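Undergrad: This is what each chain is made of:
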Amino acid sequence: MTDLVRITLPAGVEAFSGLVAGDEVLLSGPVYTARDATHARISEELERSGELPFGLKGKVLFYAGPTPAAAGRPVGSVGPTTAKRMDAFTPALLEAGIVATIGKGARSAGVRDACVRTGAVYLAAVGGSAALLATHVRSVEPVAWDDLGTEALVRMELDDFPVFVAIDASGADLYATAPAMWRRTEGE
Amino acid sequence: MADARAIASAVSEAIGVAATSLRPDVLASMRAAAEVEPSARGRSVLAQLIKNAEIAETDHVPLCQDTGTVWVRVEIGVEEHLGELLQPVIDAAVREAYRAHALRMSVVRDGLFDRTNTGDNTPAFIELVTRPGIGATVHVMLKGGGSDNSSALTMLDPSAGIEGVKEFVLRTVVEKATGACPPLVVGVGVGSTFDKVAGLAKRALLVPLGSDSPGETGVLERELLDLVNGTGIGPAGLGGRTTALGVKVLTAPCHIAALPVAVNMGCSAVRTATVEVV
Chain A
1 MTDLVRITLP AGVEAFSGLV AGDEVLLSGP VYTARDATHA RISEELERSG
51 ELPFGLKGKV LFYAGPTPAA AGRPVGSVGP TTAKRMDAFT PALLEAGIVA
101 TIGKGARSAG VRDACVRTGA VYLAAVGGSA ALLATHVRSV EPVAWDDLGT
151 EALVRMELDD FPVFVAIDAS GADLYATAPA MWRRTEGE
Chain B
189 MADARAIASA VSEAIGVAAT SLRPDVLASM RAAAEVEPSA RGRSVLAQLI
239 KNAEIAETDH VPLCQDTGTV WVRVEIGVEE HLGELLQPVI DAAVREAYRA
289 HALRMSVVRD GLFDRTNTGD NTPAFIELVT RPGIGATVHV MLKGGGSDNS
339 SALTMLDPSA GIEGVKEFVL RTVVEKATGA CPPLVVGVGV GSTFDKVAGL
389 AKRALLVPLG SDSPGETGVL ERELLDLVNG TGIGPAGLGG RTTALGVKVL
439 TAPCHIAALP VAVNMGCSAV RTATVEVV
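Residue numbers (the numbering used here), protein chains in the order written: chain A, 1 to 188; chain B, 189 to 466.
Keep in mind that the hints were calculated from the coordinates and are not lab data. Just so we're clear, the structure is a prediction, and the values are computed from it rather than from any experiment. You may find that some hints are simply not true.
Stated by the list, open to error - The calculated label-pair distances, taken between Cβ atoms and stated as ranges, are:
#1 B:G323 x A:P53: 54 to 60 Å
#2 A:S49 x B:S347: 55 to 61 Å
#3 A:A180 x B:T318: 46 to 52 Å
#4 A:V20 x B:T342: 34 to 40 Å
#5 A:L26 x B:V224: 24 to 30 Å
#6 A:V116 x B:V362: 21 to 27 Å
#7 A:P53 x B:E404: 54 to 60 Å
#8 B:A216 x A:L4: 25 to 31 Å
#9 A:A40 x B:S197: 37 to 43 Å
#10 B:P346 x A:G149: 43 to 49 Å
#11 A:S139 x B:G406: 48 to 54 Å
#12 A:S28 x B:A235: 17 to 23 Å
C-beta: ideal position from N, C-alpha, C; glycine also.
If we strip away everything but chain A, and leave its shape as in the complex, we get (with noise of 0.2 Å):
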């Protein structure tokens, strides 16, 4: 593991380039919330007119609904949503320019492969810690299709916000190698 690696967005590709599966970094700069709703609808719009809606090429989506604003914080509490149900829309929508993905849990290989094409990176932030990242959150503006609640668009303005780079851009992918340097053999 190498030391903590800060990266400040929108950044293009090559700010990823150099991270390898392992990795801690810490985010700043704007995200955007999206999870299974929101997906089914950006690809509805990808589809229709060849482009992704709302300026979110070169962006980083987050798959995360938050909870509503607490404790002076512009949310209580937000952290990652399971990435996997996101997998059937991810190799279009990095194809079409999303830089990086910010969920938790094991990916298909189509994500780690379209990963490898695009040179996009899937970061994996802890989850069960939202109320600690909620912390690392300084702004949110609603960008579209408030009808799905807390499923909505939202820009979300990150500071320092705490991850590990799951599968990096040369398809290496931690949930698959990080649990074989731990496993206990028989007779241990």
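Use these hints to put chain B onto chain A, whose structure you have.
TA: Okay, now just chain B, sitting in the frame of chain A:
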């Protein structure tokens, strides 16, 4: 008097506690695990989760943004009188508690035909059983989507025995743990019927960590915990030894031809609270 109103008020109280306070037994297990976790990344994740619990408690914000479905189990004394339908009274309590504590609304109207958000996190998912005497015990669980999605049920042949149960629990963890927010609390149900075994696994998540269940159950729990923590999945699924903080097993009678097994995953922020109504 444990009537429907008093039970609903207990549900409301339990929601506020469970959403923002990590169970003391879970926090203690997490602290103990952080002392012995060999993976540096795993220790970093555990430290983040412990700090998260402190922030949630101090600022009264949810431990996790997925504040779940509301599962309620009421064990009511037979001498009590509910007086009203339980569902609407508990739903009213859920509606009010979710607004008051600024929790997330995470329930849709229908699984298949109408996935619009109900907007108030109702309905609650309620089970009601009777017990001798007076009063009521009200168990509440706020169940996250990621951990419930990572759960599984199987109907084994009785010949599969304890080894078959262990193999199924381990396979479920290996296949599904990374989406369930480890370190996990693994609830296992064995026996009863197809529909009831899932309920046993869910109720197993209410059992406090840190002390062994009696007899053969305790032995099985320790063996399962050892197997689960030998997978290497680790905290947040990013590698390490602390894949689970505990495994709890509940068993029941069943058909001569059956060996039902269910695994209900509890996440690192397993949220349950129990309130006694007298």
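Undergrad: Confirm or reject each hint.
TA: Hint check results:
1. B:G323 x A:P53: 54 to 60 Å: With a Cβ separation near 56 Å, G323 (chain B) and P53 (chain A) satisfy 54 to 60 Å, so the hint holds.
2. A:S49 x B:S347: 55 to 61 Å: holds (59 Å)
3. A:A180 x B:T318: 46 to 52 Å: holds (50 Å)
4. A:V20 x B:T342: 34 to 40 Å: holds (39 Å)
5. A:L26 x B:V224: 24 to 30 Å: Because 27 Å falls inside the window, the suggested range holds.
6. A:V116 x B:V362: 21 to 27 Å: holds (25 Å)
7. A:P53 x B:E404: 54 to 60 Å: holds (58 Å)
8. B:A216 x A:L4: 25 to 31 Å: Since A216 (chain B) and L4 (chain A) have Cβ atoms about 29 Å apart, the given range 25 to 31 Å holds.
9. A:A40 x B:S197: 37 to 43 Å: Since A40 (chain A) and S197 (chain B) have Cβ atoms about 39 Å apart, the given range 37 to 43 Å holds.
10. B:P346 x A:G149: 43 to 49 Å: holds (47 Å)
11. A:S139 x B:G406: 48 to 54 Å: Since the Cβ atoms of S139 (chain A) and G406 (chain B) sit about 50 Å apart, the hinted range of 48 to 54 Å holds.
12. A:S28 x B:A235: 17 to 23 Å: holds (21 Å)
Figure legend: structure checked against the earlier numbered hints; every hint is met.
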